[in-house]
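> What follows is the residue order along each chain.
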Amino acid sequence: GAVVSQHPSRVICKSGTSVKIECRSLDFQATTMFWYRQFPKKSLMLMATSNEGSKATYEQGVEKDKFLINHASLTLSTLTVTSAHPEDSSFYICSAISGRAPNNEQFFGPGTRLTVL
Amino acid sequence: GENVEQHPSTLSVQEGDSAVIKCTYSDSASNYFPWYKQELGKRPQLIIDIRSNVGEKKDQRIAVTLNKTAKHFSLHITETQPEDSAVYFCAASIGDSGYALNFGKGTSLLVTP
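So the protein sequences, as listed, match chains A and B. First residue of the first sequence? That's 1 in my numbering, and the numbers climb one at a time after it. First residue of the second sequence? That's 1 in my numbering, and the numbers climb one at a time after it.
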């Protein structure tokens, strides 16, 4: 149990376009999901906390108008990278908390590799 | 935000030896400290975690110790095996919510046969 999926796994887009990434909890309801950005051989940088039915909480330095987060249901959160630029190229990974798991364990999705040309 | 420092960044050990990874944190309100293992091209997986009311926790070959006064915690892997090779991340909860996490920069562990 506690499986998290992401779609797409890989996306290449032109500079100036917007890209939407979906994060789904497949077998549990996730009231809280997190979005991270991971650079090659680097750590996971928390971008925002997504709560179902409310506005996301963004970390310092993360532009909320550029990285739009929508947590429309208990199983789906989306991250939209608006007007993408090459510096937005990165590995985006989400996680979700299952109320069934002890200690609020975060279950990670497989990640989405974004390349902006 | 608050920082989590992790050392070393790379670690190479021979099969059967022990490996120790150390982390320090700065947020005195942090009360949850998980460790994640990320194999190449795969998602991070929780391997062990500890709460601030516990000083040590062990699960087979893996143990974690926490010194809340000094704000540091460590991962110990004994009798290492080649399949332990991966990147290991420590994390500390942001505040006492137990939800959002700050991650260390990771330790790339290589276990050679």
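For the record, the hints were derived by calculation from the structure and aren't laboratory data. Predicted, not measured: the structure shown is a model, and the values here were computed from it. All C-beta atoms in this analysis are idealised placements derived from N, C-alpha and C, irrespective of residue type, glycine included. Where hints are given, some of them may not hold.
[Claimed, not checked] Straight-line alpha carbon distances no greater than 25 Å define the calculated DSS-like cross-link-like pairs of lysine-lysine that follow:
| # | chain 1 | residue 1 | chain 2 | residue 2 |
| --- | --- | --- | --- | --- |
| 1 | B | Lys37 | A | Lys41 |
| 2 | B | Lys22 | A | Lys20 |
| 3 | B | Lys68 | B | Lys42 |
| 4 | A | Lys14 | A | Lys64 |
| 5 | B | Lys57 | B | Lys37 |
| 6 | A | Lys42 | B | Lys42 |
| 7 | A | Lys41 | B | Lys57 |
| 8 | A | Lys66 | B | Lys68 |
| 9 | B | Lys105 | A | Lys42 |
| 10 | B | Lys42 | A | Lys41 |
| 11 | B | Lys22 | A | Lys42 |
| 12 | A | Lys55 | B | Lys105 |
| 13 | B | Lys105 | B | Lys42 |
| 14 | B | Lys71 | B | Lys42 |
| 15 | A | Lys55 | A | Lys20 |
| 16 | A | Lys41 | A | Lys55 |
| 17 | B | Lys68 | A | Lys41 |
[Stated by the list, open to error] Computed Cβ-Cβ distance ranges for the label pairs, DEER-style:
| # | chain 1 | residue 1 | chain 2 | residue 2 | range |
| --- | --- | --- | --- | --- | --- |
| 18 | B | Pro113 | A | Leu76 | 21 to 31 Å |
| 19 | A | Lys55 | B | Gly55 | 34 to 44 Å |
| 20 | B | Gln60 | A | Lys66 | 41 to 51 Å |
| 21 | B | Asp59 | A | Pro40 | 28 to 38 Å |
| 22 | B | Asp59 | A | Pro110 | 22 to 32 Å |
| 23 | B | Gly55 | A | Ala2 | 22 to 32 Å |
| 24 | B | Thr112 | A | Phe39 | 22 to 32 Å |
| 25 | A | Ser83 | B | Pro113 | 46 to 56 Å |
> Taken at face value, is the distance from the CA of Lys42 of chain A to the CA of Lys105 of chain B at most 25 Å?
Distance ~6 Å between Lys105 of chain B and Lys42 of chain A Cα, so the pair holds.
> Measure nothing beyond the straight line between the CA atoms of Lys68 of chain B and Lys42 of chain B; if it is 25 Å or shorter, mark the hint as holding.
31 Å, violated
> Just to be careful, I want the Cα atoms of Lys57 of chain B and Lys37 of chain B compared with a cutoff of 25 Å; is the pair within it?
At roughly 17 Å apart (the allowed maximum being 25 Å), Lys37 of chain B and Lys57 of chain B satisfy the hint.
> A range of 21 to 31 Å was offered for this pair. Does it hold for the Cβ distance of Pro113 of chain B and Leu76 of chain A?
44 Å, violated
> Are the Cα atoms of Lys42 of chain A and Lys42 of chain B separated by 25 Å or less?
OK: Lys42 of chain A and Lys42 of chain B at ~14 Å, within 25 Å.
> Is 22 to 32 Å respected by the C-beta to C-beta distance linking Thr112 of chain B and Phe39 of chain A?
Once the Cβ atoms are compared, 27 Å apart, the range 22 to 32 Å for Phe39 of chain A and Thr112 of chain B holds.
> Keeping to a limit of 25 Å between CA atoms, is the pair of Lys71 of chain B and Lys42 of chain B held or broken?
30 Å, violated
> Taking only the CA atoms, is the gap from Lys68 of chain B to Lys41 of chain A under or equal to 25 Å?
29 Å, violated
> Would you check the hint for Lys41 of chain A and Lys57 of chain B, treating anything up to 25 Å between C-alpha atoms as holding?
Not satisfied, since the Cα-Cα distance of roughly 28 Å exceeds 25 Å.
> Does the structure keep Lys22 of chain B and Lys42 of chain A at a Cα separation of 25 Å or less?
17 Å, holds
> Does the alpha-carbon distance linking Lys55 of chain A and Lys20 of chain A stay inside the 25 Å limit?
OK: Lys55 of chain A and Lys20 of chain A at ~17 Å, within 25 Å.
> Lys41 of chain A and Lys55 of chain A: Cα distance at most 25 Å?
31 Å, violated
Comparing the model with each numbered hint stated earlier shows that hints 2, 3, 7, 8, 12, 14, 16, 17 and 18 do not hold.
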